[in-house]
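Respectively, the protein sequence lines represent chains A and B. Here full-length UniProt numbering is used: the first residue of the first sequence is 1, the next is one more, and so on. Here full-length UniProt numbering is used: the first residue of the second sequence is 1, the next is one more, and so on.
These are computed hints drawn from the structure, not numbers from a lab. A couple of the hints might just be wrong.
Here are the simulated DSSO-like cross-link-like pairs (lysine-lysine), alpha carbons at most 27 angstroms apart as the crow flies [said to hold, decoys possible]:
id: 1; chain 1: B; residue 1: Lys4; chain 2: B; residue 2: Lys32
id: 2; chain 1: A; residue 1: Lys140; chain 2: B; residue 2: Lys78
id: 3; chain 1: B; residue 1: Lys32; chain 2: A; residue 2: Lys140
id: 4; chain 1: A; residue 1: Lys32; chain 2: A; residue 2: Lys4
id: 5; chain 1: B; residue 1: Lys140; chain 2: B; residue 2: Lys198
id: 6; chain 1: B; residue 1: Lys78; chain 2: B; residue 2: Lys32
id: 7; chain 1: B; residue 1: Lys78; chain 2: A; residue 2: Lys78
id: 8; chain 1: B; residue 1: Lys78; chain 2: B; residue 2: Lys4
id: 9; chain 1: A; residue 1: Lys32; chain 2: A; residue 2: Lys122
id: 10; chain 1: A; residue 1: Lys198; chain 2: A; residue 2: Lys140
id: 11; chain 1: A; residue 1: Lys32; chain 2: A; residue 2: Lys140
id: 12; chain 1: B; residue 1: Lys198; chain 2: B; residue 2: Lys78
id: 13; chain 1: A; residue 1: Lys122; chain 2: B; residue 2: Lys122
id: 14; chain 1: A; residue 1: Lys122; chain 2: B; residue 2: Lys140
id: 15; chain 1: B; residue 1: Lys198; chain 2: B; residue 2: Lys4
id: 16; chain 1: A; residue 1: Lys198; chain 2: A; residue 2: Lys78
id: 17; chain 1: B; residue 1: Lys140; chain 2: A; residue 2: Lys32
Number of protein chains: 2
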Amino acid sequence: MTIKLYCFGESGNAYKAALPLELSGLDWEPVKVDFFGGETRSPEYLQNVNEMGEAPVMVDGDVRLTQSGVIQMYVTEKTGRFGGETPEEAREVMRWCFWDNHKLSSQAGMTRFLMNFLPEAKRPEGVIPFAQGRLRAAYKTLDAHLEGREWMVGGGPTNADFSCCGYLFYPEPFGFVRSDWPQIDRWLSNIEGLDGWKHPYDLMPGSPADRA
Amino acid sequence: MTIKLYCFGESGNAYKAALPLELSGLDWEPVKVDFFGGETRSPEYLQNVNEMGEAPVMVDGDVRLTQSGVIQMYVTEKTGRFGGETPEEAREVMRWCFWDNHKLSSQAGMTRFLMNFLPEAKRPEGVIPFAQGRLRAAYKTLDAHLEGREWMVGGGPTNADFSCCGYLFYPEPFGFVRSDWPQIDRWLSNIEGLDGWKHPYDLMPGSPADRA
Chain A
1 MTIKLYCFGE
11 SGNAYKAALP
21 LELSGLDWEP
31 VKVDFFGGET
41 RSPEYLQNVN
51 EMGEAPVMVD
61 GDVRLTQSGV
71 IQMYVTEKTG
81 RFGGETPEEA
91 REVMRWCFWD
101 NHKLSSQAGM
111 TRFLMNFLPE
121 AKRPEGVIPF
131 AQGRLRAAYK
141 TLDAHLEGRE
151 WMVGGGPTNA
161 DFSCCGYLFY
171 PEPFGFVRSD
181 WPQIDRWLSN
191 IEGLDGWKHP
201 YDLMPGSPAD
211 RA
Chain B
1 MTIKLYCFGE
11 SGNAYKAALP
21 LELSGLDWEP
31 VKVDFFGGET
41 RSPEYLQNVN
51 EMGEAPVMVD
61 GDVRLTQSGV
71 IQMYVTEKTG
81 RFGGETPEEA
91 REVMRWCFWD
101 NHKLSSQAGM
111 TRFLMNFLPE
121 AKRPEGVIPF
131 AQGRLRAAYK
141 TLDAHLEGRE
151 WMVGGGPTNA
161 DFSCCGYLFY
171 PEPFGFVRSD
181 WPQIDRWLSN
191 IEGLDGWKHP
201 YDLMPGSPAD
211 RA
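For reference, chain A alone in the conformation it holds in the complex (with noise of 0.2 angstroms):
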């Protein structure tokens, strides 16, 4: 049975889920969900897809399962796949996507919506600011973790590279410059290597040309 992924192209943290289902040669397909329209607050979604009332949501069969990093442990299960190949390695990819989920994924898609997808006039004063210069601080943990590495954990691909990567291959500008992170731009350069490797705007319906 073909696995489906709620998802769209503008979400780091679909893309997080998405891309190791892609990387892992598992049948999936993506499912859009309309979140610009309003679709993950709607009281339909709420009860009946996600309480959380967020993107991605995986099915497969009987499973339905939110939180991009829980997706990710699901197809290291199916798959025997990209979470680490020891016990030692399984717990560090496991604390670089907890790492990645409390200081860069969350900060980087907030700030990247309000500075692109939130109309200026709604903008919140001083927030913007504040949270990139949080995020320059996991940017600096990032890079002086991947000096003289080629992947975050041990010597291939692993939920803590697709975890950590899920903002940072968008173009729309949310103060992250990749030239200004030489190791992290090598290792995303990386990533963009792999076979299979798709940008979120061509591995998930939606993007910003839609509502051009």
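Start from chain A and add chain B according to the hints.
Positioned in the frame of chain A, the structure of chain B alone reads:
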């Protein structure tokens, strides 16, 4: 060998790790990290203790782990407790742990820090009301989930409870008023009623009183 947890009383993220260590019956002890003296941001700490510049850090012989979610998984691995009783429950526990890191504890910790531990002159304009708005959405999701439930997942306490409650027992104001959220209030009482439960300031060294 006694497990060491590098932590400090004011950290809800450290509490998320300390509470399952304590309730699991494992032999552990807290080691105070001088966060307010800058220890977690020192070059020595970044190099030798945690490149993420954060507490908690757990050391069990050769195993050194950071990120409360990963330390929780390690306690589950060692004791079989708090991880959910079935694969479905295990995924549901992880789902709430990720959600908490993304939407709840990350925002609550930051907001409480800005409102209570940063000099008023340094508080960034506009950030606190914005973060409190996001937090209200998170409390709403949590309160709705707890309707008709004693615990976040299944029939007893799990890491999902220990993660989501991380900042909710603290007395310092940050916009969370327990009586505003009846389901959360009832659930926090369930946690307080667990045999061996301790408040963060009783479980870990350091509290605002030390710096008064």
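Here's how the hints hold up against the structure:
A C-alpha spacing of about 10 angstroms is found between Lys4(B) and Lys32(B), which places the hinted pair at or below 27 angstroms, so the restraint holds. With a C-alpha separation of about 33 angstroms, the suggested pairing of Lys140(A) with Lys78(B) is violated against the 27 angstroms cut-off. About 26 angstroms separates the Cα atoms of Lys32(B) and Lys140(A), which keeps this hinted pair within 27 angstroms; it holds. This hinted pair checks out: Lys32(A) and Lys4(A) have alpha carbons roughly 10 angstroms apart, not beyond 27 angstroms.
Taking the CA atoms of Lys140(B) and Lys198(B), the gap is about 26 angstroms. The hint holds against a cut of 27 angstroms. Restraint check for Lys78(B) and Lys32(B): the C-alpha separation of about 24 angstroms stays at or below 27 angstroms, so the hint holds. Distance restraint check for Lys78(B) and Lys78(A): the Cα-Cα separation of roughly 24 angstroms lies within the 27 angstroms cut-off, and the hinted pair is therefore satisfied. Under the criterion of a C-alpha separation no larger than 27 angstroms, the hint pairing Lys78(B) with Lys4(B) is consistent with the structure, at around 15 angstroms.
Restraint check for Lys32(A) and Lys122(A): satisfied, since their Cα atoms lie roughly 26 angstroms apart, inside the 27 angstroms limit. Between Lys198(A) and Lys140(A), the direct Cα distance comes to roughly 26 angstroms. Compliance with the 27 angstroms bound is thereby established for this hinted pair. Pair hint Lys32(A) plus Lys140(A) does not hold up; C-alpha atoms about 34 angstroms apart against a cutoff of 27 angstroms. Distance check on the hinted pair: Lys198(B) and Lys78(B) sit about 22 angstroms apart at the alpha-carbon level, within 27 angstroms; holds.
For the given pair, Lys122(A) sits about 25 angstroms from Lys122(B) by alpha-carbon distance, which is consistent with the 27 angstroms threshold. Restraint check: the Cα-Cα separation between Lys122(A) and Lys140(B) comes to about 23 angstroms, which is no more than 27 angstroms; the hinted pair holds. About 18 angstroms separates the Cα atoms of Lys198(B) and Lys4(B), which keeps this hinted pair within 27 angstroms; it holds. With a C-alpha separation of about 22 angstroms, the suggested pair Lys198(A) and Lys78(A) falls inside the 27 angstroms cut-off, and the hint holds.
Between Lys140(B) and Lys32(A) the CA atoms are separated by roughly 26 angstroms; this keeps the pair inside 27 angstroms, and the hint holds.
Checked against the numbered hints given earlier, this structure breaks hints 2 and 11; the rest are met.
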